[in-house]
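A.B. asks: Read off the chains here:
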Amino acid sequence: MSGVDGAPRGGEVIIEARRIGKDYGNVTALADVSTTVRAGEVTCVLGDNGAGKSTFIKVLSGVHRHDHGELVVDGEPVVFDGPRAALERGIATVHQDLAMVPLMPIWRNFFLGSELTRGRGPLRRLDVARMRAITRAELLRMGIDLRDVDQPVGTLSGGERQSVAIARAVHFGARVLILDEPTAALGVKQAGVVLRYIVGARERGLGVVFITHNPHHAHPVGDRFLLLNRGRSLGDFARGEVDRAELVHLMSGGAELDELAHELDRDRS
Amino acid sequence: MGTSTGAAEPLPGARRPTVPRASLRVRLLRRPEVGALAAAVAVFVFFSLVTDTFLTPQGVATWLESAALFGIMAVAVSMLMIGGEFDLSTGVMVGSTGLLTGVLATHAGVNVWVAVVVSLVAALAVGLVNGLLVVRTGLPSFIVTLGTFFVLQGLNLALTKAVTGQVAVQGMTGAAGFWDARWLFGSSMRLGPATFQVSILWWALFTAACTWVLLRTRAGNWIFAAGGEARSARHSGVPVLRTKVGLFALTAFAGWLVGMLSLFRTTTVQASTGVGVEFVYIICAVVGGCLLTGGFGSAIGGALGALIYGMTYQGIVFAGWDNNWLKAFLGVMLLAAVAVNTSVRRRAHTAGAARTARTSPHVAAAGGSPGGAALDPEGEVRR
Amino acid sequence: MRSGRKRRPWAILAACGLLLAGCTNGEMPAGTGAAAPVPAELADGPLTMAVVSHAKPGDAFWEVVKSGAEQAGTELDVAVEYAGDPDPVQQTQLIDNAVARGVDGLIVSMANPEGVKAGVERAVAAGIPVITINSGLEESADYGAITHVGQSERMAGAAAGEAFADAGATKLVCVIHEAGNVGLEERCGGARDAFPGEVENLQVDISNTADARSTIRNKLMSDDEVDGVLALNQAIAVAAVGAADDAGSDVGIGTFDVSTDITDAIASGDLLFAVDQQPYVQGYLPVTLLALKARNGNEVGAGEPVYSGPALVTKDNVDQVSAFTERGTR
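Residue numbers (full-length UniProt numbering), protein chains in the order written: chain P, 1 to 269; chain U, 1 to 383; chain W, 1 to 330.
Check the hints yourself; a few may be wrong.
Unchecked claim - Below, simulated BS3-like cross-link-like pairs (lysine-lysine); rule was C-alpha separation at most 27 Å, straight line: (1) W:Lys171 <-> W:Lys315; (2) U:Lys161 <-> W:Lys171; (3) W:Lys56 <-> U:Lys161; (4) W:Lys56 <-> U:Lys327.
Honestly, the hints are just simulated from the structure, not real lab data.
Construct the complete structure from the given sequences, taking the supplied hints into account.
C.D. replies: Pasting the structure below:
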């Protein structure tokens with residue numbers, strides 16, 4: 001763990017990963033990965049396809065157990081035995097598929113699995129009015145003004161869907177948001193929308209883990225950058241320790257790319 | 001599209017804020033059953049004009065009863081299809097429950113009420129087996145329930161023959177408690193010159209109950225989610241497997257109900273009852289707006305689908321058309337109904353999607369396969 | 001609310017009212033309504049009659065019944081409307097349908113008499129003269145039908161059993177081609193009653209005659225004692241002849257119902273006999289009887305059934321029969 005001194009915005013440390021490792025049989029998917037997630041900070045996890053990003057977040061979100069190292073939440077080492085356990089500690093994951101049902105209305109999606117009800121026994125029924133009101137209010141807080149919370153989620157744009165998912169996680173008490181490639185499938189404009197929501201979530205004091213393979217998306221919002229390559233950590237930097245050019249350089253293959261550039265240069269001359 | 005970053009607006013607590021709604025037209029058009037409603041009205045008007053009898057009280061009583069027996073099953077099958085599964089054992093289940101009740105009452109000397117309850121328990125057990133097999137093995141429900149279909153069909157014939165020596169249950173009227181139970185399942189009411197069967201009432205009640213469950217309870221939310229996107233639903237904490245097993249039990253219950261209504265209506269059941277009818281239920285559900293891929297539809301839609309079927313089936317006879325053409329007429333009617341249905345629904349979605357409708361629900365749904373959800377490697381199946 | 005012959009929108013309102021009012025279920029008429037039979041008044045002009053059978057559309061036997069009924073209809077200026085469904089619930093609905101249309105006569109086959117009892121009784125109560133055909137002989141009069149045209153399946157089966165006994169057979173296989181069909185079971189039961197030796201049932205599927213053929217062949221090859229096969233349908237009879245060929249067996253084969261294939265096979269000696277129920281008669285006669293009653297007030301049969309058969313077609317009379325078969329009247 002590198003000592004952070006580049007003026008940390010954040011509050012207390014929520015998650016600390018210490019030399020985390022994960023094997024699938026004989027294959028090592030992840031080894032020696034360490035980083036920190038603080039309240040009010042964005043920790044970016046960067047890496048190319050197959051770098052181990054999704055394995056890492058699956059460990060953080062409780063889908064997989066780690067085989068080596070320590071996962072420390074609120075100062076105590078934990079082993080999650082499922083996504084529920086992680087959720088109970090306030091660690092919520094917004095998956096690439098967003099855990100949304102495209103054909104269902106926004107408000108039904110928003111409360112899916114945690115529906116509000118009123119009445120008792122056989123008369124226990126959904127409190128539709130309250131759920132619609134809360135959905136709209138929470139979306140407004142994220143800066144999304146949807147005219148109609150009854151429209152199916154499938155009719156929303158990608159960025160809007162992301163923000164609904166984020167708003168939902170926040171509403172249900174998330175302290176740490178794990179965002180799995182939220183900008184991957186989006187155009188430049190939509191990605192900008194999502195980045196704004198990430199900043200918004202950070203400003204509300206949430207710890208955000210932002211997984212991406214795009215350093216241009218990570219750099220403007222990140223407070224901490226974890227770089228992964230082939231299941232290993234290329235470094236875990238605080239905001240002041242690395243600039244965008246370095247980030248791009250490391251991401252795009254670093255030393256390997258230098259070599260490639262040399263080769264190509266030679267051929268040309 | 002969103003405007004600025006989240007300014008900390010206070011949440012409106014428990015007070016009733018006005019949440020804007022889409023216009024009534026859009027909301028109406030967005031309902032899955034709107035197409036079926038239009039088609040039902042079309043079929044109704046058509047036969048009212050073409051035949052003299054269709055609109056008479058007796059005529060109405062006839063096609064309503066015809067629709068009722070299909071409708072109860074179609075509503076349950078709609079629920080199951082919304083939940084992303086199929087059940088092919090629905091038709092023979094009608095026969096099985098009727099036969100079991102009949103055999104117990106006529107050959108085991110059991111009181112009819114007891115026999116009715118025993119067959120309900122048996123039906124629910126079959127439903128549970130269907131459901132558990134589907135969610136535990138991860139096999140498509142089409143295959144699993146096809147197996148149940150054959151098993152039940154064989155049992156119906158073999159056991160009935162073995163116990164009664166015939167292929168139909170006879171002599172129900174002499175069994176203890178028959179007339180009491182008949183009041184519940186087989187009575188009829190005279191309304192003016194027409195006699196209406198009690199099954200019509202059961203149909204209405206069952207449809208209302210299922211609609212309420214689907215739209216106004218947590219279970220209903222879970223059914224839509226389980227069928228629409230099982231993985232997402234599971235990630236959100238929806239008990240997908242339990243929901244699906246419950247749905248199979250519901251269709252089994254409906255099979256039992258229709259079995260009782262048939263048994264007490266005619267006082268007899270044949271071992272071949274219900275074979276081949278299972279597809280009619282699925283057709284009714286699809287005509288009623290259910291997507292074959294799950295996650296979309298309504299209980300009322302299934303009821304309307306059955307109404308269209310019942311009106312067409314009896315309407316063709318009212319019209320006195322050659323019986324040999326019946327299936328062809330039915331097919332054309334159903335295709336027309338589906339066409340109306342689809343075009344109305346498509347318009348509903350273009351009208352309903354106020355903003356960039358990149359993913360039409362149809363396209364989105366095509367991605368998820370019903371019945372395949374249990375194969376999810378991260379799913380609960382592992383346990 | 002009075003006569004219900006015309007289109008009335010209030011019918012719909014009444015139906016809706018029924019659903020909304022929550023069924024008080026004041027009275028429970030068990031099938032028979034209180035309506036008094038319509039007083040006899042003689043009709044002239046065209047009549048409408050409904051034939052409601054227990055057969056699926058397209059059944060070969062019932063097509064002949066239908067032709068018979070339609071022929072009588074053409075001759076007597078009667079519009080004949082045929083419908084059928086093997087499920088008793090659906091068949092009852094078709095009967096209700098005919099009652100709602102107010103037909104001048106109803107012709108019903110009762111494969112499962114209890115199943116259609118309520119419907120037939122409602123028709124009788126509504127003043128519609130009913131004649132039962134084909135099956136349901138025993139119950140016909142009880143349910144209020146004028147008469148029955150046909151034969152019981154059991155009697156026909158017995159005729160077949162006797163024919164085998166006369167031919168000297170000792171062990172019989174009765175081929176059931178539709179699982180759960182009450183009428184077929186009855187035929188085999190009748191044969192069992194009349195045949196002195198053992199009768200075994202064999203289950204095949206009518207929708208797959210090739211498979212039926214191999215099933216029968218396997219039975220013949222695995223059991224040498226079998227020296228008689230009773231097919232209950234012409235297609236199965238043809239399959240049985242083929243199966244006997246395949247197995248190299250000289251088993252005697254009898255069948256129900258007649259077609260050109262069957263008369264040819266009888267003429268060539270491949271088939272011993274065919275039990276002919278004369279389906280044409282089962283269609284033609286009831287329409288005629290009902291028309292006579294409606295127009296002239298004639299009552300035929302004195303409440304006794306009219307037997308349309310069984311007529312046995314053997315090598316002796318096959319030449320006469322085959323001429324009629326080609327015309328579709330036998």
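A.B. asks: Take the hints in turn and mark each one as holding or not.
C.D. replies: Right, here's what the structure says about each hint:
no.	hint	result
1	W:Lys171 <-> W:Lys315	22 Å, holds
2	U:Lys161 <-> W:Lys171	22 Å, holds
3	W:Lys56 <-> U:Lys161	23 Å, holds
4	W:Lys56 <-> U:Lys327	11 Å, holds
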